[in-house]
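Undergrad: Based on these hints, arrange chain B on the given structure of chain A.
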Amino acid sequence: DVKVTQSSRYLVKRTGEKVFLECVQDMDHENMFWYRQDPGLGLRLIYFSYDVKMKEKGDIPEGYSVSREKKERFSLILESASTNQTSMYLCASRTNVGEQFFGPGTRLTVL
Amino acid sequence: AQKITQTQPGMFVQEKEAVTLDCTYDTSDPSYGLFWYKQPSSGEMIFLIYQGSYDQQNATEGRYSLNFQKARKSANLVISASQLGDSAMYFCAMRSNFGNEKLTFGTGTRLTIIP
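Going down the list, the protein sequences come from chains A and B.
Following the working numbering, the numbering of the first sequence begins with 1 at its first residue and continues without gaps.
Following the working numbering, the numbering of the second sequence begins with 1001 at its first residue and continues without gaps.
So that you can see chain B by itself, here it is in the shape it has in the complex:
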């Protein structure tokens, strides 16, 4: 079985500072993918970034980067130069590349950016 753990229920960060949102995972599958989603107050889930388990380099998408440490089974999201619009819930998720390929989500971190 797969499990995602997000240990930070909430975070407050000053605008323009960098933010690290923690995510650890547990799986016995050798091949899998890791995802981060953002959910603003409007409710829609917005895909941010993807990391494959065999990717050699950490994924980056604009201000988002994924700090992937396979041996530690962690996939932390780093947001550089935070903005007020970054205030939202953030979910880490994983999907095995075998079997039924469903996404397993963590419980989320509510990020609030302070002006």
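The following block holds chain A by itself, in its conformation from the complex:
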């Protein structure tokens, strides 16, 4: 079975802190994605990567950056967390043709 894991289920940070959200997949998928989910807005794509060291902006990249140094790992970085980044963050991975598999999500609260 495909497994996508995220480093934390719940995270509480203070405004201005640097935040790292880690995502690891174990099925050698080329493509990895970071979404945020907010009530009434569905899932919105922040960044995605289709290969190591490659990244592309999604629909809402402002305030975020990403890193993909190894194929199995895709990190989302909040350089200076703000309260409007309080959200559920979902990581996903897929092959070029298959369906997308999601991690369990990280619920981030920024105080």
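Since the hints were made in silico from the structure, they are not lab data.
The beta-carbon is built from N, C-alpha and C at its ideal position, and this holds for glycine as well.
Errors might be hidden in some of the hints.
As the list claims (entries may be wrong) - Taking beta-carbon pairs under 8 angstroms as the criterion, some of the chain A residues facing chain B (in silico):
#1 G40
#2 G42
#3 L45
#4 F102
#5 G105
Stated by the list, open to error - Computed spacing ranges between beta-carbons, pair by pair:
#6 A:R73 <-> B:D1029: 28 to 34 angstroms
#7 A:E62 <-> B:A1018: 39 to 45 angstroms
#8 B:E1015 <-> A:E72: 37 to 43 angstroms
TA: Chain B alone, transformed into the frame defined by chain A:
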């Protein structure tokens, strides 16, 4: 640009009844795929069913079927014989088979099954 519309923010259905969750989409791409995901209260997104734009038959997976009407640009999810465990958020999504192949999601429908 692609857009997914789910017009039902919430639905209440009696156990064992069939449920139809609505989804309409908009795209100018000739080739695309449509997906449905289930998100229980635990938060994890669970893939349910996929329909390709050129598939001749509607997709089915167990109790799930996708009522695909290409001319109307609709891809409704039908759950037969609903169960209490079906209570969850349901998201419709689409992906173009051209370009960057990202998934575009709708805003979701919260389904509650009543015993």
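Undergrad: Is the hint on L45 of chain A kept, meaning its closest Cβ partner in chain B is under 8 angstroms away?
TA: holds (6 angstroms)
Undergrad: Checking hints one by one. Is G105 of chain A an interface residue toward chain B, by the C-beta closer than 8 angstroms rule?
TA: holds (4 angstroms)
Undergrad: Return the status of the interface hint for F102 of chain A: holds when the least beta-carbon distance to chain B is below 8 angstroms, violated otherwise.
TA: Status holds, d = 4 angstroms.
Undergrad: May I ask you to test the interface hint for G42 of chain A with respect to chain B, counting a Cβ-Cβ separation under 8 angstroms as satisfied?
TA: Nearest chain B Cβ about 4 angstroms off; hint holds.
Undergrad: Is 28 to 34 angstroms right for how far apart the beta carbons of R73 of chain A and D1029 of chain B are?
TA: holds (31 angstroms)
Undergrad: Quick check: does the Cβ-Cβ distance between E1015 of chain B and E72 of chain A fall within 37 to 43 angstroms?
TA: Roughly 41 angstroms apart at Cβ, these two residues keep to the hinted range, so it holds.
Undergrad: Just tell me: holds or violated, for the beta carbon distance of E62 of chain A and A1018 of chain B against 39 to 45 angstroms?
TA: holds (43 angstroms)
Undergrad: Holds or violated: is the Cβ of G40 of chain A closer than 8 angstroms to a Cβ in chain B?
TA: holds (6 angstroms)
Hint violations for this structure: none, all hints satisfied.
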